[in-house]
Amino acid sequence: MSTNEPDHGGSDVAVHDGDLPARFENPGLPEHKHRLTDTDPKAARRAEKQVALLFVLSIVGTLVMIVGYFAVKMDHGLGFLDYLDRLALSNQILGIGMAVSLLGIGVGAVHWAKTLMPDEERIDYRHLQRGTDEERADAVEMLNTGVEESGFARRPLIRNTLIGAMALFPLPGIILFRDTGPLPEKVLTETFWKAGDRLTLDPEGGPIKASDMVLGAVAHVMPEGIEEAEHVLNEKAKAAVLLIRLEEDQLAPESLDGAYGGIVAYSKICTHMGCPVALYEQRTHHLLCPCHQSTFDLTQNCKVIFGPAKRALPQLPITVDDEGYLVAAAPFGEPVGPSYWERS
Amino acid sequence: MSALAARRRHPLATALIVVLGLLVTGVAYAAVMPSTADASTSTASADDIEEGRKLFLANCSTCHGIDAEGRNEAPSLIGVGAASVDFQVGTGRMPLAMSGPQAPEAPVRLSDEQTSQLSAYVASLGAGPAIPSEEAIDPAQGDVSKGAMVFRTNCAMCHNAAGSRGALTRGKFAPPLTDVEPKYIYEAMVTGPQSMPVFPDQTITPDQKRDVIAFLSTINEAPDPGGMSLGRLGPVTEGLVAWVLGLTVLIGFAVWLGAKSS
Chain A
1 MSTNEPDHGG
11 SDVAVHDGDL
21 PARFENPGLP
31 EHKHRLTDTD
41 PKAARRAEKQ
51 VALLFVLSIV
61 GTLVMIVGYF
71 AVKMDHGLGF
81 LDYLDRLALS
91 NQILGIGMAV
101 SLLGIGVGAV
111 HWAKTLMPDE
121 ERIDYRHLQR
131 GTDEERADAV
141 EMLNTGVEES
151 GFARRPLIRN
161 TLIGAMALFP
171 LPGIILFRDT
181 GPLPEKVLTE
191 TFWKAGDRLT
201 LDPEGGPIKA
211 SDMVLGAVAH
221 VMPEGIEEAE
231 HVLNEKAKAA
241 VLLIRLEEDQ
251 LAPESLDGAY
261 GGIVAYSKIC
271 THMGCPVALY
281 EQRTHHLLCP
291 CHQSTFDLTQ
301 NCKVIFGPAK
311 RALPQLPITV
321 DDEGYLVAAA
331 PFGEPVGPSY
341 WERS
Chain B
1001 MSALAARRRH
1011 PLATALIVVL
1021 GLLVTGVAYA
1031 AVMPSTADAS
1041 TSTASADDIE
1051 EGRKLFLANC
1061 STCHGIDAEG
1071 RNEAPSLIGV
1081 GAASVDFQVG
1091 TGRMPLAMSG
1101 PQAPEAPVRL
1111 SDEQTSQLSA
1121 YVASLGAGPA
1131 IPSEEAIDPA
1141 QGDVSKGAMV
1151 FRTNCAMCHN
1161 AAGSRGALTR
1171 GKFAPPLTDV
1181 EPKYIYEAMV
1191 TGPQSMPVFP
1201 DQTITPDQKR
1211 DVIAFLSTIN
1221 EAPDPGGMSL
1231 GRLGPVTEGL
1241 VAWVLGLTVL
1251 IGFAVWLGAK
1261 SS
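Taken in order, these protein sequences are the chains called A and B. Just so you know, we're using our numbering here: the first sequence kicks off at 1 and counts up by one. Just so you know, we're using our numbering here: the second sequence kicks off at 1001 and counts up by one.
Simulated from the structure, these hints should not be mistaken for lab results. One or more of the hints may lead you astray.
Chain B is faced by these chain A residues, among others (derived, beta-carbon under 7 Å) [as the list claims (entries may be wrong)]: (1) L84; (2) D85; (3) A88; (4) Q92; (5) V110; (6) A113; (7) E190; (8) D202; (9) V214; (10) V218; (11) A219; (12) L279; (13) R343.
Straight line, CA to CA, 27 Å or less: simulated BS3-like cross-link-like pairs of lysine-lysine [claimed, not checked]: (14) A/K114 / A/K194; (15) B/K1054 / A/K303; (16) B/K1146 / A/K236; (17) B/K1054 / B/K1183; (18) A/K303 / A/K238; (19) A/K114 / A/K186; (20) A/K238 / B/K1054; (21) A/K186 / A/K209; (22) B/K1172 / A/K310; (23) A/K303 / A/K236; (24) A/K49 / A/K114; (25) A/K186 / A/K236; (26) A/K73 / A/K33; (27) B/K1146 / A/K209; (28) A/K49 / A/K194.
Where is the CB? At the ideal position from N, CA and C, for every residue including glycine.
So that you can see chain A by itself, here it is in the shape it has in the complex (with noise of 0.2 Å):
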């Protein structure tokens, strides 16, 4: 920037203190080049083959395809491990066949434009936006002619009905929108779980004593009956629960009440995103959410110890019935799960 001749040309530059030029002059459009391909014919007879080369290379991927389709059977007699054995040929010789056609085409058609067709620059100067005055005057007469011509003023009746039918217009909308589906009410605030419910072991069912439980423990359950809930899996997404046994003496007292004998319940719901928060650290009592490494800790009532989650995991408060099985003392005392806007 500190030179005295800058390469552009321009001798009439006035020279500021500072060897930098007051104004630079326009330097107007760089000289046009041409290209290998349009001044060496050997060139351009070798971009030719090279576009040629590609376009072949794509039949030939095309054709691997076709070949490999039919080449590689898939007979439903083999094994499942043979199955997949073919399975993983056919998928690589029909993902490589179909890459290959493609990216043929596609290169050669680029480079075939970029060495061997035309090869002109033209401007296109910019014109105003603005159209003249006569073209403006003529604009505005017009409408006034339309609102005059169809007595929009002169006739307020058909005016203001107009205004009244356009505003009415909408409201159908509304009413027919209305019935598209009944509003959440309590899907979010509530789970299948109530008071009495068996803890059952997740996924094959059944139920869990007190003493099934040994120290270090962990059961993943659901609710007993909740195959039979009207919509199964939206329920089980909220209902999952981790159950732990760990020294009684390592518990939070605010999270003794809820717990048996050093069991405690825990919905597995994540309430940072809603992922299952399952990966249990026997050693530290820290429970993991494999999302986003949330970390809770069982001794402290699960409060959130590090991540992006910002309240702990809901307890759910469990008790034995009279023959000794594991059953919910009461629903969650609060939603399961990530917040959402009318959450309390």
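Got chain A sorted already, so can you dock chain B onto it with the hints?
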């Protein structure tokens, strides 16, 4: 002699002596150490327990205490059962060479006979899970699809859906389950080693444990239908390969096409 003497101040002479010294010490140590004896009987006799006690005092008592009651980081071994010892020692996790976030799988230090003696001794300290029978861990007798269901609910969150490993906190990790002997998979489930929770027979029945083993042995043998397995780690490695390899190729073409044709 004079040639040797002349070279004794060579810069490499010290290094050579250190290497020789290490070699001699290593060979002597290996010769003095008890060699692997033939495995004879596996029933726990009083002799085995006594031998096991000696092995315990020599290899384990520094951390777990002379009475096996545990101290600091080392847990009590009373009531952990033979299965726990067989798992920890049989996979080389114990005796621990140095403390770290967790004891990783390592070359096995004790012979099979020594391991069973040590198991017998620890089992004699208090009742605990026993080493499973051959039949309990036979993958051929398990139901693969049921095992997959149990695995997905109870194991996949840490060990990955294909059992290829997973990260925990502060350097701890759930190890890969590929190429693990069925016996050790079973023992890990009943004993809950290190960070792993316990899955007692009441919550995952012995039959379901065998189903899990059958599932793991099936996915071990299963080929990867998509081509490369990429560690079977899911979207992380797949994304990495797609972005690094795939995009590099595409960018390469773009640069070639965009280069000035003159």
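Each hint, compared with the structure:
{"no.": "1", "hint": "L84", "in the structure": "holds, 5 Å"}
{"no.": "2", "hint": "D85", "in the structure": "holds, 5 Å"}
{"no.": "3", "hint": "A88", "in the structure": "holds, 5 Å"}
{"no.": "4", "hint": "Q92", "in the structure": "holds, 5 Å"}
{"no.": "5", "hint": "V110", "in the structure": "holds, 5 Å"}
{"no.": "6", "hint": "A113", "in the structure": "violated, 9 Å"}
{"no.": "7", "hint": "E190", "in the structure": "violated, 24 Å"}
{"no.": "8", "hint": "D202", "in the structure": "holds, 5 Å"}
{"no.": "9", "hint": "V214", "in the structure": "holds, 5 Å"}
{"no.": "10", "hint": "V218", "in the structure": "holds, 4 Å"}
{"no.": "11", "hint": "A219", "in the structure": "holds, 4 Å"}
{"no.": "12", "hint": "L279", "in the structure": "holds, 5 Å"}
{"no.": "13", "hint": "R343", "in the structure": "violated, 26 Å"}
{"no.": "14", "hint": "A/K114 / A/K194", "in the structure": "violated, 71 Å"}
{"no.": "15", "hint": "B/K1054 / A/K303", "in the structure": "violated, 45 Å"}
{"no.": "16", "hint": "B/K1146 / A/K236", "in the structure": "holds, 19 Å"}
{"no.": "17", "hint": "B/K1054 / B/K1183", "in the structure": "holds, 25 Å"}
{"no.": "18", "hint": "A/K303 / A/K238", "in the structure": "holds, 20 Å"}
{"no.": "19", "hint": "A/K114 / A/K186", "in the structure": "violated, 62 Å"}
{"no.": "20", "hint": "A/K238 / B/K1054", "in the structure": "violated, 53 Å"}
{"no.": "21", "hint": "A/K186 / A/K209", "in the structure": "violated, 31 Å"}
{"no.": "22", "hint": "B/K1172 / A/K310", "in the structure": "holds, 24 Å"}
{"no.": "23", "hint": "A/K303 / A/K236", "in the structure": "holds, 23 Å"}
{"no.": "24", "hint": "A/K49 / A/K114", "in the structure": "holds, 14 Å"}
{"no.": "25", "hint": "A/K186 / A/K236", "in the structure": "holds, 16 Å"}
{"no.": "26", "hint": "A/K73 / A/K33", "in the structure": "violated, 56 Å"}
{"no.": "27", "hint": "B/K1146 / A/K209", "in the structure": "holds, 23 Å"}
{"no.": "28", "hint": "A/K49 / A/K194", "in the structure": "violated, 76 Å"}
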